[in-house]
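A.B. asks: Listed below, chain by chain, are the residues.
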Amino acid sequence: DAGVTQSPTHLIKTRGQQVTLRCSPISGHKSVSWYQQVLGQGPQFIFQYYEKEERGRGNFPDRFSARQFPNYSSELNVNALLLGDSALYLCASSLGTSTGNTIYFGEGSWLTVV
Amino acid sequence: TQLLEQSPQFLSIQEGENLTVYCNSSSVFSSLQWYRQEPGEGPVLLVTVVTGGEVKKLKRLTFQFGDARKDSSLHITAAQPGDTGLYLCAPYGGWGKLQFGAGTQVVVTP
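Listed in order, the protein sequences are those of chains S and C.
Number 31 in the working numbering belongs to position 31 of the first sequence; there are no gaps in the numbering.
Number 58 in the working numbering belongs to position 58 of the second sequence; there are no gaps in the numbering.
What the hints contain is simulated information worked out from the structure, not anything from laboratory work.
Keep in mind the model is a prediction, meaning the values are calculated, not measured.
Just so you know, even glycine gets a beta-carbon here, dropped at the ideal spot from N, CA and C.
There could be a bad hint or two in this list.
As the list claims (entries may be wrong) - Between beta-carbon pairs, the in silico distance windows are:
#1 Gly28(S) - Lys56(C): 33 to 39 Å
#2 Thr20(S) - Glu38(C): 22 to 28 Å
#3 Pro110(C) - Thr20(S): 27 to 33 Å
#4 Thr112(S) - Glu38(C): 18 to 24 Å
#5 Ala2(S) - Arg60(C): 25 to 31 Å
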């Protein structure tokens with residue numbers, strides 16, 4: 001069975017541009033979360049979506065937005081890119097939202113802003 | 001906001017040695033998860049601890065949860081190169097929101 005898949009795997013953008021990252025959760029998983037991992041740090045929570053609605057948001061500016069589609073896939077959008085947005089963006093999925101549901105991570109999308 | 005501290009930040013050991021990494025918080029954990037992240041991959045769940053004083057074993061890995069549920073440790077016996085990775089702890093209260101620490105980078109050389 002396919003795990004969490006993310007695209008693109010690597011991309012380079014210029015300051016001020018916009019980027020869209022995509023995530024396909026494990027089949028049957030309805031909960032999708034997004035994390036940002038800067039080099040040398042642990043992942044930081046950005047958003048969580050469940051049943052196509054935003055259920056949680058981390059401490060990130062409004063330049064970051066996301067959505068979940070009827071097939072439970074998700075997109076993360078970042079506008080007006082800054083150098084500091086350079087990071088690994090991880091998508092994670094789980095069956096549901098309880099603490100008993102294992103969270104599975106994708107391999108991430110490496111974003112470099114120049 | 002729960003302050004989470006992991007120590008040490010970096011650990012380099014030879015194959016066959018033992019190691020322990022720590023996870024401490026200023027607040028009580030409802031539950032705590034440990035993950036390992038290898039280069040180029042996302043974190044993978046190793047264990048979830050819930051009860052104060054709990055000890056869980058996963059082959060050569062032993063996880064302990066403090067009695068007060070404010071700290072946890074991960075002990076690896078006879079480390080192998082395959083244990084190399086970033087070890088992350090995170091309290092988890094549900095809803096897909098994990099609050100990771102900065103992690104401990106472990107390097108095991110043959």
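A.B. asks: Hint by hint, note whether the structure agrees.
C.D. replies: Taking the hints in turn, this is what the structure says about them:
1. Our hint of 33 to 39 Å for Gly28(S) and Lys56(C) is violated, since their Cβ atoms are close to 27 Å apart.
2. Range check, Thr20(S) to Glu38(C): Cβ separation about 27 Å, and the 22 to 28 Å hint holds.
3. The supplied range of 27 to 33 Å is broken by Pro110(C) and Thr20(S), whose beta-carbon atoms lie about 42 Å from each other.
4. Range check, Thr112(S) to Glu38(C): about 21 Å between beta-carbon atoms, so the 18 to 24 Å window is met.
5. For Ala2(S) and Arg60(C), the Cβ-Cβ distance of about 30 Å falls inside the hinted range of 25 to 31 Å, so the restraint holds.
Hints 1 and 3 from the earlier list are contradicted by this structure; the remaining hints agree with it.
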